[in-house]
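Asks: Each protein sequence line maps, in turn, to chains Z and L.
Residues in the first sequence are numbered consecutively from 10, following the numbering used here.
Residues in the second sequence are numbered consecutively from 9, following the numbering used here.
So these bits of chain L aren't anywhere near chain Z, every CB distance computed over 10 Å:
#, residue
1, 22
2, 63
3, 73
4, 222
5, 228
6, 238
7, 288
8, 299
9, 339
10, 432
11, 442
12, 512
Sample of chain Z residues at the chain L side, in silico, Cβ under 8 Å:
#, residue
13, 59
14, 61
15, 90
16, 92
17, 95
18, 98
19, 100
20, 112
Ranges of calculated distance between the beta carbons of each label pair, as one might list FRET restraints:
#, chain 1, residue 1, chain 2, residue 2, range
21, Z, 121, L, 48, 52 to 60 Å
22, Z, 309, L, 153, 45 to 53 Å
23, L, 419, Z, 240, 43 to 51 Å
It is worth saying that the hints were derived from the structure and are not from the lab.
Everything numeric in this text was worked out from a predicted model, so none of it was measured.
Note that the Cβ used here is the ideal one computed from N, Cα and C, for glycine as well.
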Amino acid sequence: MADLHITGLRKAFDNTPILRELTLSVARGNLVAVLGASGSGKTTLLRLICGFERADAGTISIDGAPVCGPGLHLRPEQRHIGYVAQEGALFPHLSVAANITFGLPWRQRRVRSRVAELLALVGLPEAYADRAPYQLSGGEQQRVALARALAPSPALVLLDEPFSALDEALRLETRQAVTRALTKAGATTLLVTHDQSEALSMANAVAALRAGELVQVADPRTLYQQPADAELAKFLGKAVMVPGQAMGDCAITPFGKLPLAGSPETGPVQILIRPEQICLVPSGEGYQVSVRTVTFHGSFCRVTLQATENSIPIEALVPGHSAPILGTIVAVRVEGTVMAYSHLF
Amino acid sequence: MRWKPSRPIPAALLAAALLASLLVLAPIGWTAVLAWGVGAAGARMLLFRPLVGELLVNTLALISCTAMVATVIATAAAWCVERTDLPGRHIWAVLAVVPLALPSFITSFAWVSLSPALQDFGGALLVVTSSYFPLIYLPVAAALRSMDPSLEETARSLGLGLWQVFARVTLPHLRPALLGGILLVALNTLTEFGAFALLRFRTLTTEIFAIYRTSFDNSEAALFGILLILLCVLCLMAESWSRRQARYDRIARGVVRPASRVALGRLRLPVLAGFGMLSLVTLGVPFGMILYWLTQHNSAATSVAAANLPDVLSATWASLRLALGGTAVTMALALPLGFLATRYDGRLVALLERTAYLSQGMPGIVLALAMISITITLLRPLYQSAFLLMVVYAVLFLPLALVSVRAAFGQVQRGLEEAGRAAGLGWFATVWRVLLPLAGPGLGAAAAMVFVSVITELTATLLMAPIGTRTLAVQVWANTTTLAFAAAAPYAALMAALSLLSAWVLARRFGLVRGV
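Go ahead and model the full structure; you've got the sequences and the hints to work with.
Replies: Below, the structure written as structure tokens:
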């Protein structure tokens, strides 16, 4: 397994820039997620790394060896990349075993033990070897596709929205199985996705892509708690924005004085609070608000709160068992640190 | 499946469907009975002789050579159109399909009149390949379009070069389409008569015609007819089997994104030249020869027979009249059957539908001879009547009509009819006010396709046209067999124009020839 370096990568289709000067590195054995909305250029990035498209400018090197650069374009089959397409793309005319060994040299294709090994790696029983792809569920197809990609011991594994076609329950299970297999194989992996929770839960680092540019590259926790700007904050999850006055490492807000994460700020700011940071406190102390709506989801409960008739409604996420009663007055407190953004939007 | 449908079938509908089945089964049964009359010893004597061996070898050799050549040409053409940056690929895509609209005996006429050396096997291979390779091109191009491009991309990322990807991924994906196309080519080659007769290439069909002309020996012709039907049914069974196989070959859901195209680079000119050659051979020569003979003075032709305007007009009128009547009878048989097949279930319905498709396995010449024999024996007044010929057209093109009628009815949701019934309409009023308006365009397409097929039909017309009725096809035939090429030219030009025009209208109106 190897590391991946991308510098100054550019690509345009019909004069519409898709990627602008993108620079990104993935360290050996890490899983980096490229997170972006549709149209952000994430699939193009992946296709450039694979060699399915030619870059307009910039370089890509895998394990120190350039595969794409000025006057250089290695063909896809020369790049030693394990690629898992959106819906797995299993060859429908081949059995699971033949799919897995597809990329191996002819002689190794008949070694049964290798198939069993790879099936075990992705958490599938050995009996699956002789099944046809259409007999597998979507999640199982994805796992076989991963086993096929891992079989030739690629330098790099690329996953293109591998779970987007799966339903909720299957997605969680498949995600875990895939993460386990990748860790066990020690693979350097780039995962392309539009699903925030997928990126945050699977990756060592998340690269947020917007309109062909990287907005922020950080570990999942930092990215979620200290997003580079308010737009990214909202893309990553529900955000409550309230006005405040920053004073260095803390800020005065309607919820009282709150500690700031990130670099110190002063002056008028917008404060980012995540709904789950807002807690209802039983005793009267804290910010007094009335409960406007309560949407019960079982394990948790979404509530909108309002201080007075005309103030901005605030969304909070509270545990299901402590759901407040509609119309009552409750007190709230903000837990943890918050982010401040000085520029208005 | 149960025999009894879950809803009772109206008696009139069932009767109409039964009539269609009877019309398909009667000539097959009649031919079988006649052939049976030969007896075991007679059959052995007639079948195990050098002549039959030669005919079978001719037919099978032609089918295998055509299949091979057409497969290579069609696959290469389809791949270039669908997967490369070939300039003008929209035009090439259309040009690759147009030969299908040109009747093969017209193509045959063109080549024979170009050089008498183009007879026998070589000529037959040329004509059949250039007429029928679109039957392979169309399904292969469709399969390439519907193929998930990530399959090929994944194979590339797994270390395979372009050729290896084609051999290990693309070709297996194309296999059902290829097999289906090849079997259709085989079926068409088995049943082709006009093109081979003009080329003096002997197959089972031309032999049956020769026997009929020389000896009126019904039983010997019937024996060959049954042999031919068996071969055709074999093809049909293999074709339906290959279609069932194809069903498992798609697992990807969702919309297929178009594949990225391979840059031809230095190969661009040779590939363009190849497409140019293909169109020159399949279209340029037939049209060129027709135009050439049109401009020749009659004395330049190798015979004295001349075409004059009254003859041309009367032949056109005869063709149009028969084609309109034939289309009407065909649709009258196909509509109830299509309605039955889409609206009722049960084994009886499936059986009736399958019976109708069986007529695909009956060559025009066998059908025509059986119908002549039946009417002479049982229905004397119908013998040599225009109506009988229209019925024969209907039996010949029932499968073609049924496919489209079925699709048209299938597109109308049953809920809409139920809504009509709920709104107080009777059964007939529902069909009239709900079903027909909605299925109208599809039914129109079906009728138009039948019309084109009837107007270009030669074999049955030749054998069964009422005395004195000379259609365009019959005129082309008569003049070409007497080597009066210039005299045949106006009729051939009219036929080619009519069939191309209808094909073009169909394509524009219903998008049958979809571009890239």
